[in-house]
Amino acid sequence: MIKINLKNLEIVVEKEIKKTDNLKDLDKIFRKYLGKKGKITLIFNSLKKLPVNERKDLGKQANLIKIEIDRMIKKKSKEFKKEKREAQLKKERIDVTRPGKKIKIGHLHPLTLVQREIGEIFQSMGFSIVVGPEVETEWYNFDALNIPEDHPARDMWDTFWLKEKLLLRTHTSPVQIRYMEKHQPPLRIIVPGRVFRHEATDASHEIQFYQLEGLVVDKNVSAANFRAVIEEFLKRFFKTDIEIRLRPGFFPFTEPSFEIDARREKGDWLEVMGAGMVHPNVFKTVGLNPKSWQGFAFGMGLDRLAMLKYKISDTRLFYSSDLRFLKQF
Amino acid sequence: MKISYNWLKDYLKGKIPEPKKLAEILTLHSFEVESIEKKGKDWILDIDVLPNRACDCLSYIGIAREIAAMTNNKFHIPGFKFQEDKKLKTKDLVKVEIRDKKDCSRYTAKVISGVKVTSSPKWIKERLRVCGLQPINNIVDIANYVMLETGQPIHAFDLDKIKKKIIVRRAKKGEKIKALDEKTYKLEKDILLIADEKGPIGIAGIKGGQSTAIDFNTKNIIIEAASFDRRIIRQGSKKMKLRTDASWRFENGIDPNLIDFTQERVVSLIQEISGGRIAKGMIDLYPKKVFSKKIKLDLDYVDKLLGVKIPKQKVIKILKSLDLKIVNCKLKILNVEIPTFRLDISIPEDLIEEIGRIFGYQNIPSVFPQTILIPPERNDEILWTRNCRNILKERGFSEVYNYSFIGEKDKGIFGWQDEELLEVLNPMSVFNKYMRPSLIPNLLKNTKENLKNFDEIKIFELGKTFVRKQNTKGKKQEFLERKMLSGILTKKDIKDEGFYELKGMVDSLLNKLGISNIWYDDYKATPEDSHLSLWHPKKCAEIKIDNQEVGFLGQIYPKISEDLGVKEKVFVFDFNFERLIKLVSEEHEYQPISSQPMAIRDLAVLVPRGTKVVEVLNKINRAGGKLVQDVDLFDIYSGEEITQGKENFAFHIIYQAEDRTLSSKEIDKIQQRIIKALEENIEWEVRK
Chain X
1 MIKINLKNLE IVVEKEIKKT DNLKDLDKIF RKYLGKKGKI TLIFNSLKKL
51 PVNERKDLGK QANLIKIEID RMIKKKSKEF KKEKREAQLK KERIDVTRPG
101 KKIKIGHLHP LTLVQREIGE IFQSMGFSIV VGPEVETEWY NFDALNIPED
151 HPARDMWDTF WLKEKLLLRT HTSPVQIRYM EKHQPPLRII VPGRVFRHEA
201 TDASHEIQFY QLEGLVVDKN VSAANFRAVI EEFLKRFFKT DIEIRLRPGF
251 FPFTEPSFEI DARREKGDWL EVMGAGMVHP NVFKTVGLNP KSWQGFAFGM
301 GLDRLAMLKY KISDTRLFYS SDLRFLKQF
Chain R
1001 MKISYNWLKD YLKGKIPEPK KLAEILTLHS FEVESIEKKG KDWILDIDVL
1051 PNRACDCLSY IGIAREIAAM TNNKFHIPGF KFQEDKKLKT KDLVKVEIRD
1101 KKDCSRYTAK VISGVKVTSS PKWIKERLRV CGLQPINNIV DIANYVMLET
1151 GQPIHAFDLD KIKKKIIVRR AKKGEKIKAL DEKTYKLEKD ILLIADEKGP
1201 IGIAGIKGGQ STAIDFNTKN IIIEAASFDR RIIRQGSKKM KLRTDASWRF
1251 ENGIDPNLID FTQERVVSLI QEISGGRIAK GMIDLYPKKV FSKKIKLDLD
1301 YVDKLLGVKI PKQKVIKILK SLDLKIVNCK LKILNVEIPT FRLDISIPED
1351 LIEEIGRIFG YQNIPSVFPQ TILIPPERND EILWTRNCRN ILKERGFSEV
1401 YNYSFIGEKD KGIFGWQDEE LLEVLNPMSV FNKYMRPSLI PNLLKNTKEN
1451 LKNFDEIKIF ELGKTFVRKQ NTKGKKQEFL ERKMLSGILT KKDIKDEGFY
1501 ELKGMVDSLL NKLGISNIWY DDYKATPEDS HLSLWHPKKC AEIKIDNQEV
1551 GFLGQIYPKI SEDLGVKEKV FVFDFNFERL IKLVSEEHEY QPISSQPMAI
1601 RDLAVLVPRG TKVVEVLNKI NRAGGKLVQD VDLFDIYSGE EITQGKENFA
1651 FHIIYQAEDR TLSSKEIDKI QQRIIKALEE NIEWEVRK
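Heads up: the sequence lines are chains X and R, in that order. Read left to right, the first sequence gives residues 1 to 329 (our numbering). Read left to right, the second sequence gives residues 1001 to 1688 (our numbering).
Simulated from the structure, these hints should not be mistaken for laboratory data. The reader is advised that the hints may include incorrect statements.
[Unchecked claim] Partial list, derived from the structure: chain R residues whose beta carbon lies under 10 Å from chain X:
no., residue
1, L1305
2, K1458
3, K1464
Please read all numbers here as calculations on a predicted model, not as lab measurements. Cβ coordinates follow ideal geometry from the N, Cα and C atoms, glycine included.
Okay, chain X solo, but in the shape it has when bound (with noise of 0.2 Å):
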């Protein structure tokens, strides 16, 4: 009889779920059944008073009624939930077009950017990274570096001028001599830093800019390591095949002396660095002998490599402090 009716109702249960459109009436139908007064429930409370083999039997397929019940109103539950989803999402939406909440941070200037990336190229190839004074002495910025007085190579670092016989170093290669005073070789350094030049200006020349000198001393040092040394910065920097070619050049603390352009596929040969083999007489000059040591120095315009990276076309953009400029780093 109870079976007869235990079964009846599953099957009416069944088709009110089926009827149901809503969650609240399934929720209606949960407590109908299953809550505290519900019918099953109501089921699982009389079975006390039931023989035992009934009880056991009865409770048994009340049980199993039960679960089946759950499991309808369960999966009905999550059929509405996805419908109701699956229609506010239809609602919903928002127009990707309309732009992005702008984050202020600042731009860092685009000669540091240079800076910073050369420095990790060489720091790479094991050069330590040094800096010296921009306000100079005569001696180290000139006599030391085997320029003397009255030589007509001095013209070809138009100089400012301080009292007492201080100026405004022209060039980075004084820290060369100020790193080799204080350092025993074998050494390999680079230094970036500021320079002046009293020159008139114009879209390629400022009266001042940048430089980064490099200094390899060791026992067997050549000028094919150089090349070697150059074309590999010069390849990572430019982060392409580049060729490059040595012609001579002439700077008295160097002998030889040469000159580096390099070019991209075939293009036009760009002048980007000076170099050669230390000249004797600045081993001399700090003390280090000649005949026991060799080495290579060069030297770049940091503004001209940065120039030639970012397509910039005059050198005075840099010092201009223009924020339309420099946020585009």
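Dock chain R against chain X, hints included.
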């Protein structure tokens, strides 16, 4: 130097490469050719002769010799001849005296009588014009022509206009000369002169004088070829601001032995073109003849320095092609004789350069150095510079690079004194008369310009500043080159909150650098602080770490910003960067997160206006003890409802114990203690 392709052919026996190819060869092996220009049937090569080769290559002969070495060609000088007249003796016609041998190592003179001064033949005129020289008359033109050919400057005097003898001497005070350019020059002492008994007749090595110039009536001439001290010529040319083709060559130094050939070449050309009788012999004051020197060259060193093996035979061939003589050759040591015209070669490395460039630098392979692996030294300054820049950038500040200079006007606006500033002796303009003693002036100017395009300015600069300081011992002045880190914050209609915005930024910068113990002290000017006027007297703080002052934070004195064209209030931080980075720390320790809950109680205090927050905070902290974990000021109010002359500070007080949950009873007790402590000050009233 401008070189005519066709003229160059005179000195080379074989065929020479096409102009474009020739330019490329010269660029790769000798000197950069800056341009090639076609002129009629000729090409003009503009060759940038390197300073060390000015001694021999500011000439056709020098360039031709280079080309011969590089192209396996033969260098030669076209034949010429002349005839001396035995009846005329040079020494009877002209006398020369050198006052100081150091000024003039060689002086030669030849005399030609009965010349016919006319204009030059067309070919000479054309060749001079191609090289940028104006033809004048045949005698002067030949002198210039031979200078271009040999590199030795030559001067011709009208013999009959010279009073008795030629004297090489320094100028006396007050002397003047009318030069060939018709201008009268005042001569400073020490300028080297060619004079006769009456006075100056030429500025030695620089320019000839009008009084003895060759004119169309000139009959008898003296040809001067001399070697003047290059330093004296350089100094003189600089002092007189007069650079000529002659001074350019002299100041780089020229081989005195070049004179013999040059003199013969000049007189032969003059005789050929303008006729005349060449007097026998030559006045030749040459007390210390220069001889060629020898250099020992170790072939192993050649390979070692260039990093490429060059066979011995190849080395010898290269040296010979440059007219360098191999005296002898023992195994790997060459003894090389250097002709006197190569003033630039004095050590083995100079010879290695010659070998390298003729061999071709492009033939040197790329070989990575083999060296001991030493990790690069860490540079703390670079590291912290990098960190600071990043931190500021993240906080919305953009980096600028300004000029290292300030101008006369800035000096006035900021009221700097001469003795504080490092002056540039030769500025380009009034804008770079002094080295900047602070980064602030230029940052303010940047602010003005950028406010035209932006409503809010947040910029910073990290750079060197320069100030002069009176040495403590008194007399001696010294200067300080200091790295500073300064930044500016301003915006349209900015209020005093700007100060706190910048202060918050400074706090977070310093925290990121691992610095705690930061506090802000009222700015107290010391009497020697003349830049006091830079800051608003009541809106400026000294930034202190423990007891050391590392910088300033405040509003710029309004008149200064207005004078520089900024109407808005400008807030600035200004750090002594070197001092700052000595205090940074990379040490950082994790603090365990407390598992105990925290309780927050609010407290509002009514205080007289002008009371410092720090006074109230100190009281709260002291009375609260260690269970007060943090006190946070969240509001300052002084509007309606608040008694006139008073302000309301509102705090969140955060209570937390490390080891237990605090009961509300316990918290109430501490809170009461704090209230009591605050109200000890009868002017303070805790609002309940």
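Evaluation of the provided hints:
With its C-beta approaching chain X no nearer than about 6 Å, L1305 of chain R sits inside the 10 Å limit, and its interface hint holds. Evaluation of the K1458 of chain R hint against chain X yields a held restraint, the C-beta minimum of about 6 Å falling below 10 Å. Hint status for K1464 of chain R: holds, given a least beta-carbon distance of 5 Å to chain X, under 10 Å.
Checked against the numbered hints listed earlier, the structure breaks none of them; every hint is satisfied.
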